[in-house]
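Trainee: Protein sequences, first through last, are from chains A and B.
Under this note's numbering, the first sequence has 272 at position 272, and the numbering climbs by one with no breaks.
Counting from 1 along the second sequence, just add 691 to a position and that's the residue number in this note's numbering.
It should be emphasised that the hints constitute simulated quantities derived from the structure, not laboratory data.
Don't take every hint at face value.
Once the Cα atoms are required to be at most 20 Å apart in a straight line, the calculated EDC-like pairs of lysine to aspartate or glutamate come out as [claimed, not checked]: (1) B:Lys753 to A:Asp518; (2) A:Lys608 to A:Glu535; (3) B:Lys1070 to B:Glu1052; (4) B:Lys768 to B:Asp790; (5) A:Lys605 to A:Glu535; (6) A:Lys443 to A:Glu300; (7) A:Lys443 to B:Asp790; (8) B:Lys1070 to B:Glu1092; (9) A:Lys409 to A:Asp518; (10) B:Lys1203 to B:Glu1185; (11) B:Lys1070 to B:Asp825; (12) B:Lys753 to B:Glu716; (13) A:Lys35 to A:Asp525; (14) B:Lys1203 to B:Glu1151; (15) A:Lys409 to B:Asp900; (16) A:Lys409 to B:Asp699; (17) A:Lys605 to A:Asp281; (18) B:Lys994 to A:Glu535; (19) A:Lys443 to B:Asp896; (20) A:Lys635 to B:Glu1148; (21) A:Lys6 to A:Glu26; (22) B:Lys753 to B:Glu732; (23) B:Lys994 to B:Glu1092; (24) B:Lys1075 to B:Asp825; (25) A:Lys605 to A:Glu660; (26) B:Lys753 to A:Asp338; (27) A:Lys443 to B:Asp699; (28) A:Lys605 to A:Asp518; (29) A:Lys443 to B:Glu901.
Listed below, chain by chain, are the residues.
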Amino acid sequence: MSAQEKSRMIGVDVGGTFTDVFVLNEAEGTAAVAKVSTTRPDQSGGFLDGIGQQVQDLSGISVVVHGTTAGTNALLERKGAKTGVISTQGLRDVLEMRRRDRPRTWGLRGDFEPVVDRRNRLEVPERTLASGEIRTPVDLDAVRRAARALLDDGCAAVSVLFANAYANPQNEQRAVAAVREIWPNAHVSASSEILPEIREFERFSTTALNAYLQPEVSGYLGRLEEALKKGGFDGEFMIVQSNGGVMGVETACRLPVRTALSGPAAGVIAAAYIATSAGFDNVITGDMGGTSFDVSLIAEGQSMLSPQTAIDFGMVVRAPMIEITTIGAGGGSIAWVDRGGLLNIGPESAGSDPGPVAYGLGNDRPTVTDANVVLGRIDPDNPIGGKLTRLDVEAAKDAIDAHVGQPLKLDTLAAAEAILRVANSRMAGAIRLVSIERGFDPKTFAFMPFGGGGALHAGAMLAEVGIARAIVPRYPGVTSAMGCVIADMRQDFVQTINMLVATADTQALCGFMQAHTDQGMALLDAARTTFEAREVSFELDMAYVGQTHTVAVPFSVVVENGRVIPPTLAQIEMAFDAAYRATFGRLLQGGVRRILNLRSAVTGKRPKFDLSTLAPAAGGTATPKAHRRVHFGDKWHDTAIYDRLALPTGTSIDGPAILEQPDTTVLIEPHLCGRVDSFGNTIIEPRKDTA
Amino acid sequence: MSIPTDIDPITLSVLAGRMEQIADEMDATLFRAAFNPIIAEAHDASHGLYHATTGDTLVQGKSGLPIFVGVMSFAVKAVIEKAAADGDLQDGDIYIFNDAHIGGTHLSDMRLVRPYFRNGQLFCYLASVGHWHDVGGAVPGNYNPGATEVFQEAFVLPPVKLARAGEINQDIIDILLRNTRMPQSAMGDLNGQMGALDLGIRRMDELLDEYGAPTVASALTALGHRAEALMRSELSDLPDGRWEAEDFLDNDGISDVPLAIRVALEIRGDTMTLDFTGSAPQCAGPVNIALPTTVATAYVAIKHIFPGLPANAGVMRPIDVVVPEGSLLSAEFPAPTGGYTETILRMIDVVFCAFAGAAPERVVANAYGTINALSIAGKRSDGKPWVMFSFYGGGHGGSSESDGLNHGNAPISTATIPPMEILEAAYPVMFRQWALRPDSGGAGTHRGGMGAVYEIEVLEENGAEAFLFGERGRFAPKGISDGGEAAMNRFTYEQDDGWATPPLASKMRGIKLRQGQAVRLETPGGGGYGGAAGRNAASIARDVARGLMTAGSADKTYGTAWREVVI
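When you get a sec, could you build the whole thing from the sequences and use the hints?
Mentor: Here it is in structure tokens:
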């Protein structure tokens, strides 16, 4: 089949409950979506089933891109492989000692089990100093003995973690070469390969977690790839990374730790693209799930990246990730009144199983979703998700009465409104955190809810935070799958430099920049997908000597025909001064500038598709499919219910109204209106007559 | 339980969250801007809102240092008294001071207090505290184990106006910067603290614009009632009774005499008394603490027992803290207080042990109980001085739920330890070992967490000098409910004729080290929870297999049944 005929790109996002598939037909400019139940424990069943709903002949597919939670789940549920560590003499406990933190500030309870058992953390004689000087050459016989002992004990993966390997990787690389000679599989990770950056705990943790995930994730991806091939697929199979870029499946098998936030990252990428296409470069996304509300900020079309995250207490992954702030306020979060008479939401959650009281699956404490049900905002006769046929409104009312109404002396409806008000205020707090507290004015942002429940709360976010409008994508439930199709290919690199600017060796710096560029380009070359453009960007982590926190200093470097032209010290100094002034307002007189790390990113821009291909037709009228009573404020309103996907572009509907689609309910409160834009998004804004 | 005010409970919930967020954002503002790593990385700082006439804590940030939750209101009270005496409080004033005998903790903590006015009326106070890198005195970093007066620890600044009606008084800044070894760092931190207060004022303006001053004022009153109601409700669930506990500090760093810390904890209905009568008298060395610190520490201990309680003074209304005059828990000016951390850690230990009499499942066994402030300093070959100063971790106590955490931070702190590689890159040292310390956790159904071993070699050819300020060298962290004691703190240093130990066990100044010689710190673990007989044989076998316990000590502590278990 020719490239012309191979015109379908497929994005697949496997979540906890649903597997979403987004199929883009580039030749016809059309798109289709499918949603099937996630299969467990092997997610590949749902994955293939979902694709099969839209595409029979896999040979017509050019690219399959996967946003996966396989890595995240293996970490959270501690289901990675039995893993060994070979470490510097005296340092085998770094993984277990962490940075001397504790799980919670108050209470002093809780302990910690690292993913590698102390029995399988072995030490060998070797030592490199911070200067890079090798004080003790590595004892390779000891390394081989350690590797054999780990194999004999049943370890399926191993990581080599040596002190100061960022400064000079020689000892570590000799050791890892010796291990690879005897290790029977590819699951060998070295800290200087995974993260050549200063800070031993963060580097060791990231490397050990990578090794821990390798057998699981590469096994899973291998099964998927094989099944795709069996179905006739011979295109490119790619995986979304936490940084919002995609990587080839071989890279993902080598660096599975980079998939830690794969699924959510894809969602944010799609949100940025949808919002930018619709004319909003500044957007705050809000993904409301069963247990949490995840917020992310996109400024001028760019999502924020954070340098590291903790998947769980003591499980630190240091790699650039799309910054996502999570609070424990989801649809399943439980509302309760404490002994001081204060209404609280969460952090305890009924999740999706047993779920809200209205599900009738055994939970009897009221949740945020129960409040939405009691107030008529969710249709009890057509529950989202398709697992249940009807929601139990009476049980939800009883639970709200018993746990919130009676203690606060409120009637059922007032109690349900109270639950929503407190939940909305907590969600608004998360939005303030990522916007106002980082110096962004929310008035210049649009709010984009996705996930099943977010669009019920969009109006409240406008009122609480002062956001001008909300934009509900046409298919909010498959945003992550769509993001898979949109995301660029990207590789990040880091190298600790630790030089004073005044005496920096720019040749050495340039050598690292060149090496990063070459490695990144080689990965792009190896990909069988097409790129519209290639970009290389560099950033230095810099600070004044004596200062703890570094400032990210982006600077432009010319790359001609793949050759990096070295920057001058004056250029680096100017870039630092500009970045420092932007962060702290003023420079430090007489301060000595220092470079800590080099960060490089090599990006292959993938072709984008026109979102208007997803849009409904224009013209025609919008007719409610039904009416029902919905409670807002202190009274019931007769509220029109529309079939959202049937609404033509250009339609404007005044609240109160509810727009329903199979996996999402969009609420338009009485003082707001909803407009269908030319892409089929719903823009929720204050009504002109009430503004 | 209903709240006796005119505010509706929903608005109260919303406002509680909003005001906590203001305090949190003030914390975050300073953490980002601060120059010195003790604030920037270890978060040794705090911010909050305080009552306009009493100075009581209304709301406090969640990310600052736990000890400040109780102590900040004393700083505000001191300013209220000063302003009343002078009769010149104005909008735009900022007071600054570090006097620990008035404001608690130690002289390194610089406190800024700013009144918040609304329509010409004093509404509340905002305050910011942060641990500065250096505030003068005899020893860089101000941990002087040999101090016998505050004047040897640091310069002392009483509450004075840093700003008058919005006008900064540059004279004060000039004095401050002339009295520190690190003026640049101090100026950066001061700017950060003023920035945090500015931000707090802006956020309060926005909040009061949105909700109106009367509603917010009602909410603040209601939150105090709520905190009190929560505390009373918790106490009512507990049996009435009186329980005593005692423990000892090794010494005061001057003379080798143990110092008792005693508490009698009494619960009657919905009230509690913590009576520290019987504690040692004021001492010569720097393990004294001032009265505000003592009261604040009682609060920290209580909040660890009831972690759900808010940071609000209402919590303390049903609690009476009795502190004997003339004791080291109410030291008089100018007694040195630089080592206050050790004393308050011991106070928390005795409160936990006494509380275990009422409800053992509510407390954890003693944590390692010393911050081990270790400083290694010298001159490089080019003559430039270097000082590596850090605190080291140890084990946490076992609890009703689980074994204690291995290598945690102190209960009064949330500070993380700097990475070994950062220390090695910054100073001429090499860590020969950075490891867990086997057999250091106390025995128990849930054993204590393991302490650590840090062995640090000097690489600099000029050698170095070491200073240690520690504790728990003579008295071990205790268990709860028949749980066993943890291993004690052990500090040794290498000399030409082998390894030596300090005469005062846990404190020493001026240890001379040559290139290639090392110091070795073996920190205590946590105490155990519940009797050793209750420990699951598989857990014992796993500890032995992991090398966290030696087989011999497992046999001695738990018997040999674990040897039958295959794991």
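Trainee: Do the alpha carbons of lysine 768 (chain B) and aspartate 790 (chain B) lie within 20 Å of each other, as the hint requires?
Mentor: Within the cut-off at roughly 13 Å; holds.
Trainee: Quick one, are lysine 753 (chain B) and glutamate 716 (chain B) close enough, alpha carbons at most 20 Å?
Mentor: holds (10 Å)
Trainee: Against the 20 Å threshold, does the CA-CA distance of lysine 6 (chain A) and glutamate 26 (chain A) hold or violate the hint?
Mentor: Roughly 9 Å separates the two Cα atoms, so the pair holds.
Trainee: Is it true that the CA of lysine 753 (chain B) sits at most 20 Å from the CA of aspartate 338 (chain A)?
Mentor: holds (19 Å)
Trainee: What's the verdict on lysine 605 (chain A) and aspartate 281 (chain A), does the C-alpha distance respect the 20 Å limit or exceed it?
Mentor: Holds. Lysine 605 (chain A) to aspartate 281 (chain A) sits at ~19 Å (cutoff 20 Å).
Trainee: When you check the alpha-carbon spacing of lysine 35 (chain A) and aspartate 525 (chain A), does it fall within 20 Å?
Mentor: violated (33 Å)
Trainee: Check whether the Cα positions of lysine 994 (chain B) and glutamate 535 (chain A) lie no farther apart than 20 Å.
Mentor: Not OK: lysine 994 (chain B) and glutamate 535 (chain A) at ~53 Å, beyond 20 Å, violated.
Trainee: Does lysine 443 (chain A) pair with glutamate 901 (chain B) here, judged by a C-alpha cut-off of 20 Å?
Mentor: Roughly 16 Å separates the two Cα atoms, so the pair holds.
Trainee: Does glutamate 1092 (chain B) lie within 20 Å of lysine 994 (chain B) when you go C-alpha to C-alpha?
Mentor: Satisfied, since the Cα-Cα distance of roughly 18 Å is no more than 20 Å.
Trainee: For lysine 605 (chain A) and glutamate 660 (chain A), compute the direct alpha-carbon distance and say whether it is at most 20 Å.
Mentor: Violated. Lysine 605 (chain A) to glutamate 660 (chain A) sits at ~35 Å, over the 20 Å cutoff.
Trainee: Checking one constraint from the list: CA of lysine 635 (chain A) to CA of glutamate 1148 (chain B), max 20 Å. Satisfied?
Mentor: Since the Cα atoms of lysine 635 (chain A) and glutamate 1148 (chain B) sit roughly 74 Å apart, the hinted pair is violated (cutoff 20 Å).
Trainee: What's the verdict on lysine 753 (chain B) and glutamate 732 (chain B), does the C-alpha distance respect the 20 Å limit or exceed it?
Mentor: holds (15 Å)
The structure is inconsistent with the numbered hints 1, 3, 7, 8, 9, 13, 15, 18, 20, 25, 27, although it conforms to all the rest.
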